[in-house]
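**Student:** Residue numbers (this note's numbering), protein chains in the order written: chain E, 1 to 456; chain A, 1 to 194; chain Y, 1 to 281.
Think of the hints as simulated: they come from the structure by calculation, not from any bench. Ideal Cβ positions, reconstructed from N, Cα and C, are used throughout, including at glycine. Among these hints, one or two may not hold up.
In silico BS3-like pairs for lysine-lysine, Cα to Cα no more than 25 Å straight-line [as the list claims (entries may be wrong)]:
#1 Lys7(E) / Lys138(Y)
#2 Lys355(E) / Lys319(E)
#3 Lys243(Y) / Lys60(Y)
#4 Lys354(E) / Lys341(E)
#5 Lys123(A) / Lys171(A)
#6 Lys138(Y) / Lys162(E)
Short, incomplete list of chain A residues facing chain E, as computed with Cβ under 7 Å [unchecked claim]:
#7 Ala57
#8 Thr71
#9 Glu73
#10 Pro74
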Amino acid sequence: MSFAWAKQYEPKSAFTKWIDEKLPVPRLVYNAVGAGYPVPRNLNYMWNFGVLAGFCLMLQIITGVVLAMQYESDTGVAFASVEHIMRNVNWGWMLRYAHANGASFFFIVIYLHIFRGLYYSSYKAPREMIWLLGVVIFLLMMATAFMGYVLPWGQMSFWGAKVITGLFGAIPLIGEPLQVWLVGGYAPNDATLSRFFSLHFLLPFVIAGVVILHIWALHIPGSSNPTGVEVKQESDTVPFHPYYTAKDGFGLGVFLILFTLFVFFLPNVLGHPDNYIEANPLSTPAHIVPEWYFLPFYAILRAFTGDLALFGVTLVPAKLLGVIAMFGSILVWFFLPWLDKSPVRSGSYRPLFKKFFWFGLVPCMILLTICGGSPAEEPWVILSQIATAYYFLHFLVILPIVSQIEVPKPLPFSITEAVLGSDDKPGSMEGGGDKPGKVVKPLPGSDPDGSLAPAE
Amino acid sequence: MANSGADMGGTATADPNMLDEEGVRRRDWIHIAALSAGGVAAVGAVYPLVSQMAPSADVLAASTTDVDLSTLEPGMAIKETFRSQPLFVRRLTPEEIAEADAVDVSTLRDPETLADRTKEGKKEFLVTLGVCTHLGCVPLGAASGEEKGEFGGYFCPCHGSHYDTAGRTRKGPAPTNLVVPEYQFTTDTTIRVG
Amino acid sequence: MTIRLAGIIVGLVITGILVLWSLLPGALNYSAPEKPDYYAFKEELIEPAGGFSFEGPLGKWDTAQLQRGYSVYKQVCSSCHSLQYVAFRNLQEIGFSEAEVRAEAASWQVPGIDPQTGESIMRPAEPTDHFPMPYPNKTAARLANNNAYPPDLSLITKARPDGVHYVYSLNLGYKEPDPELVEKTGFETPTGLYFNVYFPSINLAMPQQIYDGLVTYPDGTEPTAEQISADVTAFLAWTAEPKMIQRKQTGWVVLGFLLFMTALAFLSYKQVWAGMKPKKK
């Protein structure tokens with residue numbers, strides 16, 4: 001493991017010794033989420049969402065496998081089989097509501113996890129790989145959620161499938177054959193439903209695999225922390241167990257309380273009434289909107305209303321521009337570690353970045369969500385265009401420039417100092433600043449305190 | 001599920017002076033309580049996952065099957081469906097009745113008389129489930145021309161169980177007689193099973 | 001450095017395309033959407049005095065009301081609207097005894113097969129049968145109803161925004177259009193449609209069905225139009241979600257336990273961290 005002072009697993013009984021020799025799973029767990037994983041002592045509640053996301057994935061897999069025992073992926077009976085689950089299967093209503101709302105809660109958790117990463121720049125070296133794998137997980141989640149929403153074969157399922165597969169039709173030349181191939185026909189049909197069911201069942205296990213890589217990559221440099229200063233000494237860390245297992249246990253309790261409120265008292269507020277109408281290929285609902293967690297990207301898709309034309313020649317049609325922008329809006333995250341070159345990680349020590357984050361990116365995402373759920377008419381169109389423009393400017397233009405010109409606030413010497421103050425510091429003898437409470441002022445572009453140096 | 005975080009052993013934070021006689025820190029009870037609550041929650045969450053596999057309400061709903069016997073000739077049998085299982089209704093000939101009555105009940109593996117297995121005054125109508133009591137195959141003998149076994153009733157080809165004209169197990173591995181479901185005569189010639 | 005330069009260029013290009021080809025033309029031709037004329041007639045959904053007994057986290061079914069609602073469905077709605085996800089056996093959940101359910105089922109005719117001839121016939125329903133479709137197929141249903149398909153009602157209160165109040169209101173929403181507004185907008189109800197202030201497009205293919213005294217209730221409840229509409233709405237809320245009350249009651253048990261568990265987890269968490277917390281100056 002990463003730190004010299006990490007505790008070593010010591011099997012005590014003869015049995016655990018035997019297991020440790022043959023298949024050291026207890027050792028693996030001990031080092032991954034046990035006392036053998038030293039974690040910064042100053043993590044705030046925003047660091048709870050990784051464990052919660054893992055819990056959500058398990059929740060979805062367990063309820064999903066069970067629902068698959070009752071569900072029929074045949075367009076003739078799919079809708080009725082969902083009603084069968086709701087009415088006849090023992091606890092079927094609870095399992096289905098838990099699965100449907102579980103998807104929403106999974107996205108709530110994952111968005112908080114992502115925006116934690118964005119604010120504290122968790123994507124920066126040495127943690128680029130963790131971030132990249134995280135974006136892969138997010139893309140897989142979107143695909144899984146989309147295909148899952150098609151399975152009840154309601155009106156929104158059908159028209160969502162039609163519209164989203166229609167996006168591929170925008171690709172020049174191969175678009176239309178590709179769309180027909182994806183759907184297995186000219187409109188969503190039995191073949192579509194069966195393949196979506198199959199993939200919806202498969203992808204969560206792929207996600208679980210990438211999650212293992214994500215956690216593996218995390219354990220190489222260790223967790224980041226709210227100051228962004230790397231761990232330097234043993235007093236900067238506490239063992240994951242019991243300190244963070246206890247904290248995550250409490251966080252899980254709070255999460256479950258909120259989840260319960262939705263599953264048992266508001267099970268349909270996050271869904272759409274039209275999906276309780278069986279799919280009808282001859283009639284489109286008045287307002288088709290995706291599930292709430294796709295709304296920002298849906299708004300970006302719809303923001304491009306004009307063809308890119310010069311002198312009357314259409315170079316790129318608006319539909320293709322929208323599709324490129326929508327996929328680009330997520331792909332841009334892959335380049336974040338190299339777009340933002342500020343030597344300081346934490347947004348708390350980056351005054352300019354912080355302003356753009358709270359007064360730029362966050363309102364922009366909220367506005368995009370609202371626009372995505374509104375009908376395609378003014379003023380929503382123009383607002384979504386402004387927000388989309390800001391979205392791309394933020395990541396591609398503002399972040400690189402801000403990281404160049406910003407003067408960061410002084411960083412604490414160490415995590416211990418940040419937590420305990422510099423009076424009773426165990427480790428501020430060297431380089432911790434000339435006076436207690438005062439710390440090294442980093443120069444822009446320089447390496448202020450080794451915060452970008454990889455952990456040993 | 002809900003317990004992953006709640007578990008923790010004793011920690012360095014408790015005051016060693018608070019050790020009681022057993023050596024357990026008094027404040028550890030809160031960890032044990034939290035962990036136990038998590039365990040209860042996990043068991044509670046498993047319950048619906050397990051119980052969803054039990055028969056659903058539509059399967060459990062008692063359904064009935066009406067059978068019209070007016071066209072059933074002596075010596076013939078009809079196959080019907082009752083709660084997704086085969087149902088045999090057989091009209092016995094006088095010889096078959098005599099054959100069944102001639103058996104000494106005490107020698108049977110599952111002692112029952114033909115009268116026990118039919119309705120009063122309707123002794124010639126034998127209503128049974130067409131499910132072998134050994135491992136659930138459908139016995140032969142209901143359709144005309146099928147093998148009826150050594151005792152002239154039903155024969156299960158899966159493992160060679162022989163039933164007599166009253167549907168009683170006589171030879172082979174079947175432990176009990178063919179099951180007679182609940183039914184009653186709604187008219188002289190129709191029955192309602194279930 | 002190259003990545004950042006490329007990022008800035010790509011970002012500016014995307015924004016440029018968006019602003020020059022989409023935002024500016026749109027802004028120059030900016031026009032707020034005009035609501036169609038009929039929006040002037042729309043009214044807010046209404047609810048019965050005192051609301052419905054099953055609403056809110058502590059709601060309960062009023063089985064007497066559900067049974068009245070069932071009789072309204074049977075006598076009025078069922079001639080055009082199906083209830084395909086509900087079986088007669090489910091009526092036991094709204095307070096009918098097993099024998100009553102059997103008798104009630106037998107009063108409905110469902111498609112069956114004559115065991116003597118093998119021909120399709122209508123037979124009395126069994127408790128395990130589902131409510132029958134009023135028309136042999138969708139085409140017949142359309143033809144009989146001025147080309148408008150009467151929707152299945154099993155899920156109707158979940159399939160419309162604020163469905164419970166929508167169904168209650170819609171039944172009572174047949175009014176004369178405000179003559180002043182009619183004059184102002186030149187509004188006219190198309191032939192074969194009926195004016196209803198709660199229907200999304202104001203003009204509905206279903207004529208008014210519910211009137212004062214339309215049915216008589218054996219329990220002596222006065223059959224005003226409001227009462228009948230409330231009863232049938234309650235019944236349809238039950239058909240849409242028969243497990244609603246069980247759901248809420250389970251929710252309280254789960255919630256109570258989780259609060260207890262989380263409180264313990266919090267104390268445990270504080271216990272673990274005692275002494276580790278910052279003593280900030």
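**Student:** Hints first: check each against the structure and report whether it holds.
**Tutor:** Structure-based check of each hint:
1. Lys7(E) / Lys138(Y): Judged against 25 Å, a Cα distance of about 71 Å means the pair is violated.
2. Lys355(E) / Lys319(E): 34 Å, violated
3. Lys243(Y) / Lys60(Y): 11 Å, holds
4. Lys354(E) / Lys341(E): 15 Å, holds
5. Lys123(A) / Lys171(A): Judged against 25 Å, a Cα distance of about 24 Å means the pair holds.
6. Lys138(Y) / Lys162(E): 24 Å, holds
7. Ala57: 4 Å, holds
8. Thr71: 36 Å, violated
9. Glu73: Nearest chain E Cβ about 41 Å off; hint violated.
10. Pro74: 42 Å, violated
Hints 1, 2, 8, 9, 10 from the list above are not met by this structure, while the remaining hints are.
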